Structure formats: C-alpha cells, structure tokens
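Below are the chains, spelled out letter by letter.
Number of protein chains: 2
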Amino acid sequence: MAQLRVLIIGGVACGPKTASRLKRLCPDADVTMIERDSLISYGACGLPYYVEGEFLNINALTHTQVGLPRTADFFQRTKGFKVITRTEAIRIHRDKKTVAVKHLETGETSELPYDKLVLATGGSAFRPPIPGLDLKNVWFMTHPEHARTLVEEIKAQGLETAVMVGAGLIGMEMAEALIQRGLNVTMVEMVDQILPGILDKDIAAYVQTHLEDNDVELVLGERVVGLDGDEAGRVTSVRTDRRAIPADCVVVAVGTRPNDELAKAAGLFCDRGILVNENCQTSDPDIYAGGDCVVNRFINKTVAQPMYVPLGSTANKHGRTIANHIAGCQTPFPGINGTGVVKAFDYTVGRTGLTETMARRLGIDYASIVWGGPDRPHYMKKARYFLIKMLADKRDRKVLGVQVAGAGDGAKRLDVAASTIYYGGTLEDLADIDLAYAPPFSPPIDPIAVCAHVLSNKMDGIARCLNVYETKERMDRKEVILLDVREPDENKMLKMAYERVVHIPLGELRERLNEIPRDTDIITFCKISLRGYEAQRILQAAGFDRVWFMEGGHEAWPFELDYLGM
Amino acid sequence: MAQLRVLIIGGVACGPKTASRLKRLCPDADVTMIERDSLISYGACGLPYYVEGEFLNINALTHTQVGLPRTADFFQRTKGFKVITRTEAIRIHRDKKTVAVKHLETGETSELPYDKLVLATGGSAFRPPIPGLDLKNVWFMTHPEHARTLVEEIKAQGLETAVMVGAGLIGMEMAEALIQRGLNVTMVEMVDQILPGILDKDIAAYVQTHLEDNDVELVLGERVVGLDGDEAGRVTSVRTDRRAIPADCVVVAVGTRPNDELAKAAGLFCDRGILVNENCQTSDPDIYAGGDCVVNRFINKTVAQPMYVPLGSTANKHGRTIANHIAGCQTPFPGINGTGVVKAFDYTVGRTGLTETMARRLGIDYASIVWGGPDRPHYMKKARYFLIKMLADKRDRKVLGVQVAGAGDGAKRLDVAASTIYYGGTLEDLADIDLAYAPPFSPPIDPIAVCAHVLSNKMDGIARCLNVYETKERMDRKEVILLDVREPDENKMLKMAYERVVHIPLGELRERLNEIPRDTDIITFCKISLRGYEAQRILQAAGFDRVWFMEGGHEAWPFELDYLGM
Numbered sequence: 001m002a003q004l005r006v007l008i009i010g011g012v013a014c015g016p017k018t019a020s021r022l023k024r025l026c027p028d029a030d031v032t033m034i035e036r037d038s039l040i041s042y043g044a045c046g047l048p049y050y051v052e053g054e055f056l057n058i059n060a061l062t063h064t065q066v067g068l069p070r071t072a073d074f075f076q077r078t079k080g081f082k083v084i085t086r087t088e089a090i091r092i093h094r095d096k097k098t099v100a101v102k103h104l105e106t107g108e109t110s111e112l113p114y115d116k117l118v119l120a121t122g123g124s125a126f127r128p129p130i131p132g133l134d135l136k137n138v139w140f141m142t143h144p145e146h147a148r149t150l151v152e153e154i155k156a157q158g159l160e161t162a163v164m165v166g167a168g169l170i171g172m173e174m175a176e177a178l179i180q181r182g183l184n185v186t187m188v189e190m191v192d193q194i195l196p197g198i199l200d201k202d203i204a205a206y207v208q209t210h211l212e213d214n215d216v217e218l219v220l221g222e223r224v225v226g227l228d229g230d231e232a233g234r235v236t237s238v239r240t241d242r243r244a245i246p247a248d249c250v251v252v253a254v255g256t257r258p259n260d261e262l263a264k265a266a267g268l269f270c271d272r273g274i275l276v277n278e279n280c281q282t283s284d285p286d287i288y289a290g291g292d293c294v295v296n297r298f299i300n301k302t303v304a305q306p307m308y309v310p311l312g313s314t315a316n317k318h319g320r321t322i323a324n325h326i327a328g329c330q331t332p333f334p335g336i337n338g339t340g341v342v343k344a345f346d347y348t349v350g351r352t353g354l355t356e357t358m359a360r361r362l363g364i365d366y367a368s369i370v371w372g373g374p375d376r377p378h379y380m381k382k383a384r385y386f387l388i389k390m391l392a393d394k395r396d397r398k399v400l401g402v403q404v405a406g407a408g409d410g411a412k413r414l415d416v417a418a419s420t421i422y423y424g425g426t427l428e429d430l431a432d433i434d435l436a437y438a439p440p441f442s443p444p445i446d447p448i449a450v451c452a453h454v455l456s457n458k459m460d461g462i463a464r465c466l467n468v469y470e471t472k473e474r475m476d477r478k479e480v481i482l483l484d485v486r487e488p489d490e491n492k493m494l495k496m497a498y499e500r501v502v503h504i505p506l507g508e509l510r511e512r513l514n515e516i517p518r519d520t521d522i523i524t525f526c527k528i529s530l531r532g533y534e535a536q537r538i539l540q541a542a543g544f545d546r547v548w549f550m551e552g553g554h555e556a557w558p559f560e561l562d563y564l565g566m
Numbered sequence: 001m002a003q004l005r006v007l008i009i010g011g012v013a014c015g016p017k018t019a020s021r022l023k024r025l026c027p028d029a030d031v032t033m034i035e036r037d038s039l040i041s042y043g044a045c046g047l048p049y050y051v052e053g054e055f056l057n058i059n060a061l062t063h064t065q066v067g068l069p070r071t072a073d074f075f076q077r078t079k080g081f082k083v084i085t086r087t088e089a090i091r092i093h094r095d096k097k098t099v100a101v102k103h104l105e106t107g108e109t110s111e112l113p114y115d116k117l118v119l120a121t122g123g124s125a126f127r128p129p130i131p132g133l134d135l136k137n138v139w140f141m142t143h144p145e146h147a148r149t150l151v152e153e154i155k156a157q158g159l160e161t162a163v164m165v166g167a168g169l170i171g172m173e174m175a176e177a178l179i180q181r182g183l184n185v186t187m188v189e190m191v192d193q194i195l196p197g198i199l200d201k202d203i204a205a206y207v208q209t210h211l212e213d214n215d216v217e218l219v220l221g222e223r224v225v226g227l228d229g230d231e232a233g234r235v236t237s238v239r240t241d242r243r244a245i246p247a248d249c250v251v252v253a254v255g256t257r258p259n260d261e262l263a264k265a266a267g268l269f270c271d272r273g274i275l276v277n278e279n280c281q282t283s284d285p286d287i288y289a290g291g292d293c294v295v296n297r298f299i300n301k302t303v304a305q306p307m308y309v310p311l312g313s314t315a316n317k318h319g320r321t322i323a324n325h326i327a328g329c330q331t332p333f334p335g336i337n338g339t340g341v342v343k344a345f346d347y348t349v350g351r352t353g354l355t356e357t358m359a360r361r362l363g364i365d366y367a368s369i370v371w372g373g374p375d376r377p378h379y380m381k382k383a384r385y386f387l388i389k390m391l392a393d394k395r396d397r398k399v400l401g402v403q404v405a406g407a408g409d410g411a412k413r414l415d416v417a418a419s420t421i422y423y424g425g426t427l428e429d430l431a432d433i434d435l436a437y438a439p440p441f442s443p444p445i446d447p448i449a450v451c452a453h454v455l456s457n458k459m460d461g462i463a464r465c466l467n468v469y470e471t472k473e474r475m476d477r478k479e480v481i482l483l484d485v486r487e488p489d490e491n492k493m494l495k496m497a498y499e500r501v502v503h504i505p506l507g508e509l510r511e512r513l514n515e516i517p518r519d520t521d522i523i524t525f526c527k528i529s530l531r532g533y534e535a536q537r538i539l540q541a542a543g544f545d546r547v548w549f550m551e552g553g554h555e556a557w558p559f560e561l562d563y564l565g566m
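In order, the protein sequence lines correspond to chains F and S. If you use my numbering, the first sequence corresponds to residues 1 to 566, in order. If you use my numbering, the second sequence corresponds to residues 1 to 566, in order.
Treat the hints loosely; a few may be bogus.
Heads up, the list lumps identical chains together, so a pair's fine if it works in one copy or across two of them.
Claimed, not checked - When the alpha-carbon atoms are kept at most 35 Å apart in a straight line, the in silico DSBU-like pairs for lysine-lysine are as follows:
#, residue 1, residue 2
1, K301, K343
2, K155, K381
3, K201, K382
4, K264, K492
5, K381, K136
6, K381, K343
Calculated directly from the structure, the hints in this document are not laboratory data. Bear in mind that the values here come from a model prediction, so they are computed numbers and not experimental data.
The following block holds chain F by itself, in its conformation from the complex (with noise of 0.2 Å):
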C-alpha cells in the first residue's frame, strides 16, 4: 500500500497538534507541515503577559517546559514530520489534490501533493479601515515579535501614554500589562460597554469600576476614526468621532477574522470562517480544516448558533479530531461553549454559553439571574466577593450561560457550567453535581448551585426579583421604594441614592409590616440580597403582591451609592 500522504497549511496550534497526533497513531504516515512565518508552535496566549513581565524570555513561548526549542527540527526529530516554514500556500487544486506554494525566501512556487489535507490557516487581526495603522509605535499582539518589539520600544523610547483600541479579551489583557509597565493606559471601544459579545452589559458595568480601580481610562461608546502622527512618522493621538486621545503607543486589537481566503478560493463551503463537519472534514471530504480558520456551533443542539470563537484551546481539540479521523477513528467534535476567560487586575471575568443579548437575539424564552456573594466561607481570609449571571431555558430549564465577574474565583465555577452546558444539564442538575467542598475552597453550598437555585426560585415564582438596571428604571420613574432590610450599622455606612427607602432590619420585619404602604411596588435589598430575598417572601406571605428582591444586592450595584450617608 501506498504511504499515505497528509500536507497540513499552518504551524501554531491545530497544525502541530494534528501532526504530532497522526505520527502517533500512524507512525508510517508522510506528514508535512507547512507555515508562512519562521516560527511555529508559538503560545501566542502568552504575549500580554511577557509585556507585563510575568517572564522575561520572549523564547518561552516557543520553548517546551524543559526549555527545548519547538523548531522544525524539534518536530522532526521527535514527532517525526516534515516542517517547511517560511512558505505559503498559494493554491488548493482540488482535481490533483496538490497545493501550490511559494517559498518566501527565495520566491520559488512548487506544488506539493496530499492525499488528506488540514487547513490550519487560524485567524488574524482585524485591521480596521482607518487611517494611521502603519505609523509607527502602532501594534498588533497576535505574534511574538509584537510582544517584543512593544516591550522594547517601551523601554528605548520611554513610551508613556497608552490607547488600547478595542475592550475585548486582548485589549482586557493588555491594559493590564501596560498599567504593570507603568503606563497611562485609555481603553476605547465603539459599544458602549467592555467586553461586548462577551458579556452583558451589567457583568461588564461592574468590570468597568474595577478597570478604572485600577487607573485604566474607559472610552466608551466612541468609534475611532483614525490615527495621528507627527512629521517623523509616530503615533501621536487616536481620534474617536468626538475627541483626539493623546497617545505615544497603541495597540489596536478589534477582533480576530478567520484566515478562509484559500478555502473560499478553492470553493469549500465558508461563512464567516470555514464550515466543517463534526469530524473537521470542510465540504469537501479530503479536507479538513481546524484552529481559528474555521466557525464552530453552540454545543446546545436545540439552540445550534454557530460561533466563530478562535481559541487556542478549540484549535487543539479539532487537531486531536482530525488526526483520529484520518487514521480511520471518529471522534467527533461536539461543538463549543464559546466559553471565554481572563484575568483583568484582581478580577476574573468570563463566560460560558450565551449572555442575555445572544438569547434575546435568537428569540429564546429564558430566564436570568444575578447572584452575588462570597466565594469560600465568610470565615476564611481568602474569601471574595462575585458576581455569577446565569440564564436557563424557560420550556427544558437547560442552563444557557453563565457568566462570571469579581475577586472570587469564577474559573473554577465557569468550568463547572461550561460541563453541565456540555451535557445539557438543567439548573436542577448543576446544583446537585458533588463538588468538592471544604473551607478553603467554597462554602457548603457551593455559589454556582445557589445561583441555580435562586434562578430556579426566580422561574417557579417564589423569588421575585429585579435587575440592577430594571430596578434603577423604577426608581428613575420614583415608581417603587426600596426596602433596605440590612442591620443599622451597615445602614448607617452606605445607602442607596434615593430618597423613598424604608429601613428595617429583617430580624424586626414580621413585626413592622404596619410601616410598609400597600398601595406601591416594593424592592428589597440587602448587600447581597440573600436577605433581601428573605425580605420578599415574608412580605409576600404577608399579603403584600408587589414586591421585588434586587438581585445581587447593593454590591452589584453599577450605579452611584452614598458612603457613610454622604
């Protein structure tokens, strides 16, 4: 039998990982992969954090734990394929199942034959159609060299003041890193709250405090129009549709589009990204493709919502898929959660599933919920306060998303929903699963199942709560009074800004139900509104209907408060 021939186009991480697999299974394989950089295998995850200093070996990042070099050498003498870098593909002949490819360095173009192909193109960044991109002190973060020469320049020519144009993941990441450098740091984005797509927009209004906690400065709602120099050629401001923004560094970082030009140009199915199949295989079956190039599909088959969310995380799994199903095991790949996580200063942020905005877009009937509340025992030093937002399917109770935000450790409960998402679990399930409980780790019960349980309250009508932005409405319209059911010295220390609040401890409430009017809406709260809920369903079986919990209490609370009753 002929030796099966694989030719794989790309070499940071689907590629490398789709090789060193098939060599593994299919030792006698001829395995080839080619890349249009000279370096690959790069963690390329990593470069906001060499900016910040985390380490200070720029090499790391293309280095295995022991310190080995990923070169094309490396994989040849240990994985046992065939790298060729510094070479692009230029074109998929699909009837000789050949690729021409042009060698960068020399300009020659060969045509290299495959019997399977792996499109492992990944992604780029997005240049937005604005003037000023090339000026120089002007960066991208998606390679190593950026990292880099940022780092560098930073140094030599005392960079100071900084424009993050973007408020996505990377730009999160970056900010961070330059405020460690000690920069001025300006964060402008064109929706009017960070992280769009990612969060909703009460999640984000509570990152947003933090951010700027921290000295980053938000620009939001603002489109940037375009990048101004001087005469010796350097970034000198960012224009927004209504201000200039001084700047002697910026780093643009909108988005990520799918590299699919070569897929389109060979005729394979494409939108927004190449589609594939569960086995990676694009429209046609000797084709595969992975990584960032590629759309994948919400792993709720009842929403089924494609989702171009490229991750270096995905790309090894689809590698992983391909390289089974090429030697003759399927093991499909069930689809993503479009689960995204980073750390901004002491707060981690992310999601799993949908936010309420890509419900309401696909015309889901949902419920949602916002818990907020320690995340170890209020006991224990460690302990830290979090938001979790979680919505469910109104007709199956499937939980949809969860999103998470604060000091408390939200990865670990985002992992805990990105699983149930995965099965299909209901918020019945998530708040049964046997976490591993003990005081430095989380309370007895754990936040991510009381936040199912409330949610689970809230849909069967036992809770009855609002939003931060629904109660802020009310009390915009001075429709509703608020009932603060905390102890007096907490009263004492911070209220909310609104003159009808009533105050009565709850431990005193059975007994002052003369104090509270009947005739008008009723929301509770408390700090996180565990006692607020309390509130709610005492006065509820007091006969009183029009009556409200603030969901997360006062310390989910975007908007103003008064401290010490200033």
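On the provided structure of chain F, position chain S as indicated by the hints.
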C-alpha cells in the same frame, strides 16, 4: 384546613436548611426544630481553621456573614420557625405521630406531635474502643467548644507535642493547624497510608512526602491500643501496637458514625445509616431523613454503591429536597460522588467518584492512569505541578473516579470531574468540554482533558504505561531497563536509583535505536512522561513490543531518587 405540623430533630446543617426553605415555600406551616445542644447552625468544617488561627473569634462559625448570631431567636425572627435547644428526642411514636423529648436543663419530658418528621440527627465522631480517651488534653473535633478549648489549653498549658490519631480529612486539616500553631505533630494511622478510603496508595504516597516535608511525623500501619496519662489525669503518650509516642495533647479523628439509633428504635430501615429514597423519605413516608445520619448512593447507577460520606454540602442538598417534597414539589436527590477535598499545606488533595481500591472491590472492569504536570502554562509564575489519577469503566468508557494531589489547582479539576461523573460522561466527553482557557488559569489543553486523553490512549492500546508501583515491582525484580529520554542536564541533576538505565534524549532516539536491547522489557520516562509517551510510540513503531512508559514521570515517583547523581 389544619396547619401542617413539621418537626425537625437536629439543628446543625440539614435541619435549619429544611426549616428555612420550608417556611419560604409554606409560610403557614408550623415548623419546629429541636436540638440537643445549646448551639445550632454552626459551621463545624471551620473548626480546624479556627485552631490554625485563620480567624480569631470562634463565633464566626455561628454568626452570619454580617455578624448576626444564628440563635433560636434569629431563626424565629428572620425565618419564622421555632427552635427549641437543649432538648433531646427520646423516642418516635410512629403510631401516634409524636416524638417524646426530654428537656436537658430541667429533665422534663413531653411529647411533640408531627404530620411530617425530619431526622437530621447528624453523625458522631467514632470513639475507638481503647483506654484513655477520657484523659485530659484529649480532643475530638466536632463542636466549636472543642476547637475553642484546644486553642485555650495550648496557650494556657504550653502544649508542645500533639499526636493526631487518624489520617483522614480532619486529621490532615488538624495536623496542618497544629503545625501552624508551632506544635510538633505526629500522625498515627492504622492503615499503611494517609487518607485511607479516600485516596489510593500511590496518590497518598505522593502527599505523604509533602506532609513530611512540612514536619508532620507519620506513623502508618500501626494500631493505637491506648492512651497513657500521668497522675493528674493528663495524657502523656499514645501507645501503638509497636511503640509509645509522647504527647502533650491528642486529637482523635478516626471517622464519623451516623446517629441512627432513634430511627432504628422506631423500626425505620437502617444499614450503616438511615436508608432513604430519592425524596429523602425513610421507610415511613411521613418521616424524612437527611444529612450525616443517612447513607447515600453513588450517582453512577450502573455501579449503585451505597456510600457513607458525611458532608455539610450534601446535608444542605438533602434539606432542600426534603423541604420541597413536604411542600408538594418533587426534586429528587440523585446521589453523591463521594467527593472530598482537603488543603494539606501547599497541596490540594481530593477525589471524586471511585478509587481504584473501590473499583476493584466492586468487581468493575476499569482502566486507570496517573498524569502529572503543571496546572498552567509553564511560563506563568503561578504554574504548579500536580497529579491527576483517573479511572474509567472499560465497558462504556464512563469516568468512574478522579483523584488529585499537588500544588496545582486540583480543586477546579475535581469539580469538572465531579460534573462529568454526575452526568455519566465518558473520557471523550470530559476532554471535549469547553473549559475556560487563559494563561492565568490553565494551559490550552486543560490537565483534566490531557489526563482523559492519556487514559483513552491507554484503553485503545496506543499509550502503553505502568504506574509507579508496577514500575517499582519490575525494577525490584531487575526485569526491566529504564529508558531516560530527558535532556543531558536533566539527567545530570536527578537520576532514578536503578542500575539499568539507558539515557537517550528524545530528539536523538530515532537515530540511536540500535543502542536499545530488544530482548528485554523497557520502561521509558521523563519528568512527567510526556516525552516518555512519545518515546514509547517511537519504539513501538520501530518494532519494540515490550515497551511501556512510566505514568506521571519521575515527578510522580514516591520512592528514592538520586539528586545530582549522588
């Protein structure tokens, strides 16, 4: 309609949860909770952390987050149910539907009627049948008073030397707490490993090294036969079947037994705990039971193993199920994983699901693997090494159990594994979950996914490997050659203590195959056996058929190693 009378016996975890939830669902119900003790609703899991000095006021365990004491009056006022403390249930009269109770202050008895009865009688520390347990300076650790007096007496008497009897979860926590208090700590355990019944021996061995590194003296495989004291009645030593260990103080933590006497006397079905159905009903449908007095079932119904795992997290879940069912809403409790976690100095140690020991005893045809590696990308400062051991069912590839140990964030991986076991997921599922990836939290392929992949590979015959005990056994019989595929400087720093080691760096292996004998068993290894696995595949492809890699690499090796080749 007559008012529903619900009587709850026990006021620590399941009791207050049931009562609070029930009053929210059925405000009109007459709910009474009785408790033998004067304290109610305390966080017993926090006791070791008080001893450690994590918090200074023991009241934190009986107060709410905002500092309100959870007294009888507190529950009456905020939750609306009645609490009677210092009152013991003597006998259940199922025919009359009453409970005879004794008021411990006055000695008076009376009868309390019920429509629904809830047994939340908890568990008690097992008192081993040995002399000396009543000596002064001997503590059990189940009540805030125990922790408070221990700390008080350490200071007052200047106690310096502690012996922990039992190396279970509480033993771990207490050993660390006492070391932090500056005491010398010896831990005695009847079984020849720590955390028996919780961890397998290989994982336990890995943790033992860490305990010893933190100055805990381990005495394993010795049975305590008695405690000796001085003429003042103070403990002076712990006698085992082989030695006497001096002790200023002793903490005994050798397990918990369910308080099921009341249930047994009432003729309710019990078998090492009260037996309940999914609604937490006992064999009398008007009598519920929950918390540490009941025996649970393993969530995986194809295994169907009763499990006695007393935990505050489970007690709260039972409480919710009971309250819901009484209120007319079925939310069956599906069972537990037997999840347990503990912080042991810098290590996070725990398990969910079955251990290998349990699987073997149950006659399950399982496969298992030990994986070791960092919890984050190696370039991140917080990256820490840890071990994951995973078991899967050979019939259906469902994940059966996971153990973690090490400085890495094992708690998060345990929760993901617990979720997978809850939902009946396979190894492939576990590896496909869209977990939250960013460098501060995890590598692109999460360790739990890598571990699932390796076990998959092992079950498919692609990865051939031996655990450390199997490796050691063959080394002891001198039946094997070890193939070290690390780099030269790694080999110089640290060697396996064995005479038949061949050293060929992975990158040279394909060219130097002729240096490896073909007539003997070969076990490959590196630091974590990632390269060891690659080497096994290379050798197998080259026709070596007696080759395995060592699971977890030398990092997982609990036996002697030669540092700097000494």
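Here is how each hint holds up against the structure:
1. Proximity of K301 and K343 under a CA criterion of 35 Å is satisfied intra-copy only: 30 Å inside one chain copy versus 39 Å between copies.
2. Taking identical chains as interchangeable, the C-alpha atoms of K155 and K381 lie at most 35 Å apart only when they sit on different chains, with a minimum of 23 Å there against 38 Å within one chain.
3. For the homomeric pair K201 and K382, the shortest alpha-carbon distances inside one copy (28 Å) and between copies (31 Å) are both at most 35 Å.
4. Taking CA atoms no more than 35 Å apart as the test, K264 paired with K492 passes in neither setting, with 65 Å inside one copy and 53 Å between copies.
5. Taking CA atoms no more than 35 Å apart as the test, K381 paired with K136 passes between copies only; the shortest distance there is 32 Å, against 47 Å inside one copy.
6. Taking identical chains as interchangeable, the C-alpha atoms of K381 and K343 lie at most 35 Å apart whether they share a chain (21 Å) or sit on different chains (14 Å).
This entry does not satisfy hint 4, going by the numbered hints stated previously; all others are met.
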